[in-house]
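When you get a sec, could you build the whole thing from the sequences and use the hints?
Chains as they are written, first to last, in my numbering: chain A, 805 to 926; chain B, 239 to 746.
Mixed in with the good hints there might be a few duds.
Said to hold, decoys possible - Under 7 Å between C-beta atoms, here's a sample of chain B residues computed to sit facing chain A:
#, residue
1, H525
2, P533
3, G536
Quick caveat, the hints were computed from the structure, so don't treat them as lab data.
As the structure is a prediction and not an experimental result, all values here were calculated from the model.
We put the beta carbon where it would ideally sit given N, CA and C, even for glycine.
Chain by chain, the residues:
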Amino acid sequence: MKILEIDDNPDIIKYVELIATSLGHEFSSVNNGKDGLEMIYENQYDLILLDLSMPEFSGVDVIDQLISKDVMKNQRVVIFTASSAGEGNFEELKNKGVHSYLRKPIDIDSLMDKLKEIEKSL
Amino acid sequence: MINKVNSLSEKDHPVQHLERPSENRPKIRKTLPELYRSVDVNGIIIDCNEAYANRLNYTVDEVIGMSLFEHSPPDDREIIMEIFESWKKTGAVKKRQIRLFSKNQDMVDVLLSANNRYSADGTLFASASIMRDISEIKWLQNLVKIKKYESIYENSPDLYRTVNYSGIIIDCNKAYADKLGFTKEESVGMNLLEHTSDKSLSAMRVNMASWRNTGKGKTTEVWMKKRDGGEFPAMLTPTNLFDDDNLLIGRNVVIKDISELHDTKQNLSEREKIDQLKEEFLSVVTHELKSPLTPIIGFSQALSKPNLLGALNDKQLDAVKIILTNATRLRKLIMDLLDAHKLELGKMRFEAKEFSVNDLLENIKKSFNFTAEEKNISIEFHIDEPIKITSDRDRLEQVLTNLIYNAIDFIPEGTGKVDIYTQKSRLDVKFSVKDNGIGIPQEKQKELFAKFYQADTSQTRKHGGTGLGLSICKGIVENLGGQISVDSTPNKGSNFYFIIPVQKKELS
Numbered sequence: 805m806k807i808l809e810i811d812d813n814p815d816i817i818k819y820v821e822l823i824a825t826s827l828g829h830e831f832s833s834v835n836n837g838k839d840g841l842e843m844i845y846e847n848q849y850d851l852i853l854l855d856l857s858m859p860e861f862s863g864v865d866v867i868d869q870l871i872s873k874d875v876m877k878n879q880r881v882v883i884f885t886a887s888s889a890g891e892g893n894f895e896e897l898k899n900k901g902v903h904s905y906l907r908k909p910i911d912i913d914s915l916m917d918k919l920k921e922i923e924k925s926l
Numbered sequence: 239m240i241n242k243v244n245s246l247s248e249k250d251h252p253v254q255h256l257e258r259p260s261e262n263r264p265k266i267r268k269t270l271p272e273l274y275r276s277v278d279v280n281g282i283i284i285d286c287n288e289a290y291a292n293r294l295n296y297t298v299d300e301v302i303g304m305s306l307f308e309h310s311p312p313d314d315r316e317i318i319m320e321i322f323e324s325w326k327k328t329g330a331v332k333k334r335q336i337r338l339f340s341k342n343q344d345m346v347d348v349l350l351s352a353n354n355r356y357s358a359d360g361t362l363f364a365s366a367s368i369m370r371d372i373s374e375i376k377w378l379q380n381l382v383k384i385k386k387y388e389s390i391y392e393n394s395p396d397l398y399r400t401v402n403y404s405g406i407i408i409d410c411n412k413a414y415a416d417k418l419g420f421t422k423e424e425s426v427g428m429n430l431l432e433h434t435s436d437k438s439l440s441a442m443r444v445n446m447a448s449w450r451n452t453g454k455g456k457t458t459e460v461w462m463k464k465r466d467g468g469e470f471p472a473m474l475t476p477t478n479l480f481d482d483d484n485l486l487i488g489r490n491v492v493i494k495d496i497s498e499l500h501d502t503k504q505n506l507s508e509r510e511k512i513d514q515l516k517e518e519f520l521s522v523v524t525h526e527l528k529s530p531l532t533p534i535i536g537f538s539q540a541l542s543k544p545n546l547l548g549a550l551n552d553k554q555l556d557a558v559k560i561i562l563t564n565a566t567r568l569r570k571l572i573m574d575l576l577d578a579h580k581l582e583l584g585k586m587r588f589e590a591k592e593f594s595v596n597d598l599l600e601n602i603k604k605s606f607n608f609t610a611e612e613k614n615i616s617i618e619f620h621i622d623e624p625i626k627i628t629s630d631r632d633r634l635e636q637v638l639t640n641l642i643y644n645a646i647d648f649i650p651e652g653t654g655k656v657d658i659y660t661q662k663s664r665l666d667v668k669f670s671v672k673d674n675g676i677g678i679p680q681e682k683q684k685e686l687f688a689k690f691y692q693a694d695t696s697q698t699r700k701h702g703g704t705g706l707g708l709s710i711c712k713g714i715v716e717n718l719g720g721q722i723s724v725d726s727t728p729n730k731g732s733n734f735y736f737i738i739p740v741q742k743k744e745l746s
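The following block contains the structure:
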C-alpha cells in the first residue's frame, strides 16, 4: 500500500521506512506538517503515519487542517505519540477521525502488526 | 478639598510625629475638666478660654482667628466637617468624641458638646463648645478595667493591647510586652504605630482611620515591630470599648503571632511552584528521552530479524541483543519515572471502558513469548471463564506486565516459573502473579510497595530497576478502585495479587 510518514525525526523515518519497504509497501516521507499537507492534497495515500509532536506545525494542526479542508474522512491516519498509556487526548483524536495510535518508542512488532492490520482492512 | 488637606498634612503636620523615638512621644498632661472655644459659621475660632489654649500649647491670642480644622488632625477632617455641618443645621452637638491637635502635634481626645450663640437680631453666628479632656490615660484605664476580663487578659498566651481613640496604648498584657521587648510600663503611652513595622504603617493608619470613621474594626494582618527591630506577622482582632454613655473610647486588640502560618503558606506556594517546574521538566525530558529510543530499539530489533537486513553472525547478534535489552530497560526506567511522578501529583489519567480480560491476557502472553523462550522459563496464563470488566485496559496491562517482569527478575533461568491466575466474583476480579523465585522475608513485605524500595539493596545491581515498579502498581490499582498485596516465603516464591472492581466506579 501507499504510505506517507510525517515526522521531524529523520532516524525514526529511516526506521519506519525500513520496516514498511521490507513488507513491500510504497513509502514516502516529509519532516514537517506543512509539507505533509501538500503531499496529502496532491496524492492519495492508503495510510498516513503522523507524529503528534513536531515543532511549529504539529500533528494535531495537520489533522485540523485536513478537517477544515473536508478531506480528513478520506484519510487513514495512525498517530505516533510519546505519551504513555491513557494519556493525551486520543479519544478526542479518534472523534476527529484518527484510526489508531502507536506509542513511542515504536516497537517493531507493533509496527509490523499495525501495517498488516491496515493492509488487511483495505 | 480633603485631598488637599491630606497632602498638606503629610508635609507640615500630624500623625507622622508618632513614629519618632520615644523621647518625643506626646506627653499626656493633667486633665483639664473644661475646655471652651467658640467657632463662627465659617469655622473660624473667635474665642476660647485659657484652658483650651494651654491644652493645645497656644496662647489665647494665637488661637483666635485659626480654623477649627487646624485644631484637629487632618485625618479627622471628614468627621469634623460632619459635626460642624450638623451643628449649623440643628444648632446643637451632644457629646461627640473628637481629637484635637496641639501646636506641638500632640493628640488630645475630647468629648465635645456645643450650643449656639446668637446675635442681637437672632441670627446664629457662633457655637459655644465645651470640651472635656478624656485623653488622660489613668482615667481611661479605670474605665477599661471594668470592661475586660482582667485575668484572661493578663494571663493569655496571646498578645493583648488596649488602645485609645487615637491609637495610644493604654494597657497591654505581659505576653504582649515580652514579645515586643518592652516592659508593660514602657509600652503604655506609646503609639501603636511605634509597634508596627514600616511595611504595615499605611495599612495600620487606614485601619485606624476607618475604625474612627465607622466605629467598625475588622481583623487585619499586619507586621509588628519589636524593640530590637525584629518583625513578625500578626493577626489583629479588635473589640470596641465603650464608656457608660456608649461612646467609643478605644479598642481591645487580640494579637496572634502567625509566623508559623505565614511560613507554611510561603512554603506551600513555593512547593507548588517547584512541583509545577518538576512536572514541566519531567514531561519535556521524558519526551526528549523517548524520541531517540525509537530508532535505537527499532533498529536493534530490525537487526536481530534475519529476514529484514540480512543475517548477522552470532557475535554480532549477541551484541545487538545486549543493545536491545539495555535500551528496553532504559525505556522502562523513563516510563516508570514519569508514571511515579504523575501518580504523586495525582495527574495520571484513567479511563473506564468495557473490555475482555481474556483478550488482554492473551496479548500480554504474546508479548512475553520471546522472553520466556530466551530465558528458558515458563510463563503460564491460567484463564478459565470469559471475564469482561469496565476499567482502564492500558493501566491494567501495565500493572500485570510490571508484576510479571518483576517475577522474571527473581526466578532462576531454566527452572523459573511464573503463573498468572484470574478469579472472578460478582463485584471483583482477582489477579495473581505467582513465581517460584527467591521470595521476600516477612519483615520486608509491607515496605515493598513504598517508592524506591528494594528488598535487598545488594540486589539492585543484579536485578536493576528503580524500585518504582511496585509503588506504581500500587498507585494504579488504588486508582482503579482496588488493592494490592503480597504473600511470600523466602526461597519458595512470591504471590503478588490484586483485586479490582468489575465496574470502576468513578473516573479520577
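The hints, checked one at a time:
A cut of 7 Å between beta carbons decides the hint on H525/B: the least distance to chain A is about 5 Å, and the hint holds. A cut of 7 Å between beta carbons decides the hint on P533/B: the least distance to chain A is about 4 Å, and the hint holds. Checking G536/B against chain A: minimum C-beta separation of about 4 Å stays under 7 Å; hint holds.
Violated hints are absent here; each numbered hint is respected by the structure.
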